[in-house]
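Asks: For this one, chain A is given, so just place chain B on it according to the hints.
Just so you know, the protein sequences line up as chains A and B, in that order.
Here the first sequence is numbered in my numbering, starting from 7 and rising by one per residue.
Here the second sequence is numbered in my numbering, starting from 32 and rising by one per residue.
Honestly, I wouldn't trust all of these hints.
Beyond 12 Å from chain A on every Cβ pair, some chain B residues (computed) [claimed, not checked]:
| no. | residue |
| --- | --- |
| 1 | Asn55 |
| 2 | Ala109 |
| 3 | Leu132 |
| 4 | Leu144 |
Computed, partial: chain B to chain A, Cβ under 8 Å [said to hold, decoys possible]:
| no. | residue |
| --- | --- |
| 5 | Arg62 |
| 6 | Ser73 |
| 7 | Leu74 |
| 8 | Ser76 |
| 9 | Val79 |
| 10 | Phe119 |
| 11 | Phe134 |
| 12 | Gly137 |
| 13 | Arg139 |
| 14 | Thr143 |
None of these hints come from the bench; they were simulated from the model.
In this text, a Cβ means the ideal position worked out from N, Cα and C, and glycines have one as well.
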Amino acid sequence: KAGVTQTPRYLIKTRGQQVTLSCSPISGHRSVSWYQQTPGQGLQFLFEYFSETQRNKGNFPGRFSGRQFSNSRSEMNVSTLELGDSALYLCASSDQDSWRIEQFFGPGTRLTVL
Amino acid sequence: ELKVEQNPLFLSMQEGKNYTIYCNYSTTSDRLYWYRQDPGKSLESLFVLLSNGAVKQEGRLMASLDTKARLSTLHITAAVHDLSATYFCAVGRHPGTASKLTFGTGTRLQVTL
Numbered sequence: 007k008a009g010v011t012q013t014p015r016y017l018i019k020t021r022g023q024q025v026t027l028s029c030s031p032i033s034g035h036r037s038v039s040w041y042q043q044t045p046g047q048g049l050q051f052l053f054e055y056f057s058e059t060q061r062n063k064g065n066f067p068g069r070f071s072g073r074q075f076s077n078s079r080s081e082m083n084v085s086t087l088e089l090g091d092s093a094l095y096l097c098a099s100s101d102q103d104s105w106r107i108e109q110f111f112g113p114g115t116r117l118t119v120l
Numbered sequence: 032e033l034k035v036e037q038n039p040l041f042l043s044m045q046e047g048k049n050y051t052i053y054c055n056y057s058t059t060s061d062r063l064y065w066y067r068q069d070p071g072k073s074l075e076s077l078f079v080l081l082s083n084g085a086v087k088q089e090g091r092l093m094a095s096l097d098t099k100a101r102l103s104t105l106h107i108t109a110a111v112h113d114l115s116a117t118y119f120c121a122v123g124r125h126p127g128t129a130s131k132l133t134f135g136t137g138t139r140l141q142v143t144l
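Isolated chain A (complex conformation) (with noise of 0.2 Å):
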């Protein structure tokens, strides 16, 4: 099974602009969730996507939003780019049929903001 796939990889971009990244679970996975990565704050948890709803949220302001499609397939998108942006954004998918309910993280998507 493929795993999961994260675009683009490496990202630069303005404050103020606004930016997309997105998201393929492993095939099957209904649940993605993201998370932002700092060396500040650590790994810290956005939101959740199941079945094209969004199912719980983190404490990140409104410019952070996402969604997901029918096939599963998430986009994040941040709007109005701040430098404190700069992170490390992961999404990670799970099988909510999975005894285990392991959630499987993707390479990332590393947000430079200038």
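Replies: Chain B in isolation, oriented as in the chain A frame:
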């Protein structure tokens, strides 16, 4: 608010030595995860612990969970250089789903020759 604390934050150890990383969490949880992250890479799942007293072992790593003490440990036996990485524990709260994991700060492990 769920808080997850790991210690130590940094661990330098010689090859062949044993050590334990501790993960404390503040409120009741129904599952605990351990992940490994190499520099510039993503998170690799190591263990999923689902019940009190659960113990899992893979190679030189062994993880355990004490839900009453809200404590998990990751024990490293006879460390080798390949184990150098950052290790995270993460706690899940929502019943039946793996979503919304709260991560610890991470323990950066450096195994020296």
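Asks: So which of the earlier hints does this model not fit?
Replies: The structure breaks hints 3, 13 and 14; every other hint is satisfied.
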